[in-house]
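Trainee: Heads up: the protein sequence lines correspond to chains V and D, in order.
Take the first sequence: its position 455, counting from 1, is numbered 1284 in our numbering, and each next residue is one higher.
Take the second sequence: its position 69, counting from 1, is numbered 68 in our numbering, and each next residue is one higher.
Mixed in with the good hints, there may be bad ones.
Computed cross-link-like contacts, DSSO-like style, restricted to lysine-lysine with a CA-CA straight-line distance of at most 30 Å [to be verified]:
1) Lys1140(V) - Lys66(D)
2) Lys924(V) - Lys66(D)
3) Lys5(D) - Lys1158(V)
4) Lys66(D) - Lys922(V)
Keep in mind that the hints were calculated from the coordinates and are not lab data.
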Amino acid sequence: MSFVSLGFLAFLAVLMLLYYTVPKRGQWILLLAGSVFFYAFAGWSSLIFITVTALSTYFAGIYIGKLASARDAYLKGEGKELDKEAKKAYKAKVKKRTYLIMSLCLILNLGMLAVIKYTDFGISIINGIFKTNIGFLRFALPMGISFYIFQSMGYIIDVYRGKYAPEKNVARFCLFVSFFPQLLQGPISRFDELSKTLYGPHDFDWDKFARGAWRVAWGFFKKMIIADRMITAVIKLSGSPDQYKGVYVVALVLFYAIELYADFTGGIDITIGVAEMLGIQVAENFDRPFFSLNITEYWRRWHITMGTWFKDYIFYPLSVSPKMLKISKWSREKLGNAIGKRVPVYLSTIIVWFATGLWHGAAWNFIVWGLLNCLVIIISQELSPLYGKFHKRFGFSNTKGYNVFQMFRTFWLMGFIRVLDVYRDVPGTFKQVGTIFTTANWGDLFNGSFLELGLGRQDFIVVLIGCGIMLTVSILQNKGQVRDNILLKRPVAIRLAMFALIVLLIAVFGAYGIGYDAGAFIYGQF
Amino acid sequence: MEELLKILKEIHSDVDYETCTTLIDDGILDSFDIISIITEVSSEFDVQIPANEIVPENFNSAEALWKLIERLEDE
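Produce the complete structure using the sequences and hints provided.
Mentor: The structure is reproduced here in C-alpha cells:
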C-alpha cells in the first residue's frame, strides 16, 4: 500500500478512529494488526520474511537476556567469592556464548538480505569474470527489508552489549519491527527510543494530532507537487544520455537533487506525521541537509538514522577492534606515526562507505557512489589543517557570504556524485559529466528546449514556487518548528482554513498522469 | 591524566580540555578524532575501549574519559 493513495488515507482514517476508541491498553495491539494489514498488501510472501526477522531476533534477544541475567545472578550469589581473574574468565565465557547467539542472528538475517538482494549482482560479477552465462534468479525484494533488518540488527547488538534488556513480549517486539509508517523507507529506529512512546497509552490530544496532520500534509506537498513532477524530467534526461549532454547534465544534477530531497524528506514527513497523530515519536531523519557547509556535515544531516546506524554498529566496532588496533600498531611501526594513526580510521571509513553503497543497491554505481563519498570525506579531512590556515589568513571563514559559498559547493559536489543513482552506469556517468566541458549547448536554456522534457511552463513555475516555499520553511526552521511558531498559534478558524488550503494545493497541483507511479518512493527500492 | 591530556592536545591543541565538558555535544570531537584517541589510548595505557563505551558521556570531557580508562583497567 503506497502512502500516496486513497487506500492509504482510508486505512489511516479507520485506524485512527479505532485507535482512539479502543481501550488504551489495546492501542498497540491495534497498531500491530494495522501494520500486518498494511504489510500484507505487499504480498503474503513478504510477510514470511519480516516474520522470520522478527521472531529470530526476538528469541535471540530473549536468550541473550537470560544468559546475562544468569551471569549477574551468579556473580552476586555463588560466584561472589571468586577472585578477579576467575570472575573475568567467567564473564568472558558467558560473553562468548552471547556473542555466538548474536552472530547467528546476524548471519541468518543479513544472509537472508544478501541472498535476496545481492545474488543477481554476484551472478553478474561471476558471469563477467568467468565468461559464464548463469541465469539470474530475480528475487522480488520484500518491502522495506533493508530497513527492518537493519533496525532489528541494531536491537540485537544493543541487547548483546547490555544497552537495554530484551523485550519480553513477542507481539510488542513484532510491532517494533513492523510499525507500518516506517516500513517503506525508514527511519531506522532504535528500540530504546521508539519503545518510549510506541506502546502507549495515548489519549487523544487535538494539538498533537493537528501537528502530525500538518507534517503529513507538508510531506504530501513535497512528494506530490515537487518530487512527482520532477521525476518526468529526471527520467527523460537520464534515459537518453546521448541526446542530453552538457547543460542537460547540469540540469539533471539539479533536478535530481530537488526530486530526491522532496521525495525522501516528504516520505519521512508523512511517516513522522502519521506517528505523531498516533502519539508516537519517531526519530528525525533530516536536519535541512542542503544547508551543510561540507560533506561530513551533510552526512550528519541527511538520512541521519542510517548514518548513525553505520557509525555505531560498523564504523566504531571495526575501528576499535583488536585486529584494527594491531594493524594500527603495525602501520605505526612500519609507516611512521603520522600515517599509522590514520590507518584504522581511513580503513574503517572505506569499509563503511563500501557497505553504505552496497546497502543502497546491488550495483556498481552504488558502490562507486559510496566510495566517492568516502574519497571526498578523506580528502576534506586531510585538507582541513590547510583550510584552517587559509581561513585564518584571509579571515572570512565565518562570513555569511563564505558560508553560502560552502553550501553551494557542498550542494553541487553531492549532486554530481548522486547522479550515479540515475544513470546507473559508472563509465557512462563520468562520460556524461565530462560533456559539460565539451558540449556548448548552454543556449538551450533559453530556446524552449527544456519545455520538451515532459514538463510544461506551468510545471516549472509550480516547481519553482514549491522550491521557494521549501527554502522559506527551511530558513524559518532556524528559529524552531514552523508548525509551533506560526501555524498552531493562529485561531482555530484560520488554522483550519490554512490546512484546507494546503490540501487544496496538493489536490490541484499534485502531479498525476501518464507514467506517474504513486507508489514509487525512491528510498522504498533500497 | 597527564598522558591523556597530551594525547588530546595532539588531536586539537586549541581546546581547553581541563574545563571543557561538551567535547561531543558541541561537535569539538568528531568520529575520526574519537577513533584516533582510542587508538592512542590503547597503545599508551594498554586498555581496550570497546565500541559500546563510545557514548557522549564517556567522551564529553577529559575527566570522563579518564574515569572510563580507570574503570576499564580495573575490570
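Trainee: Which numbered hints turn out to be false for this structure?
Mentor: none
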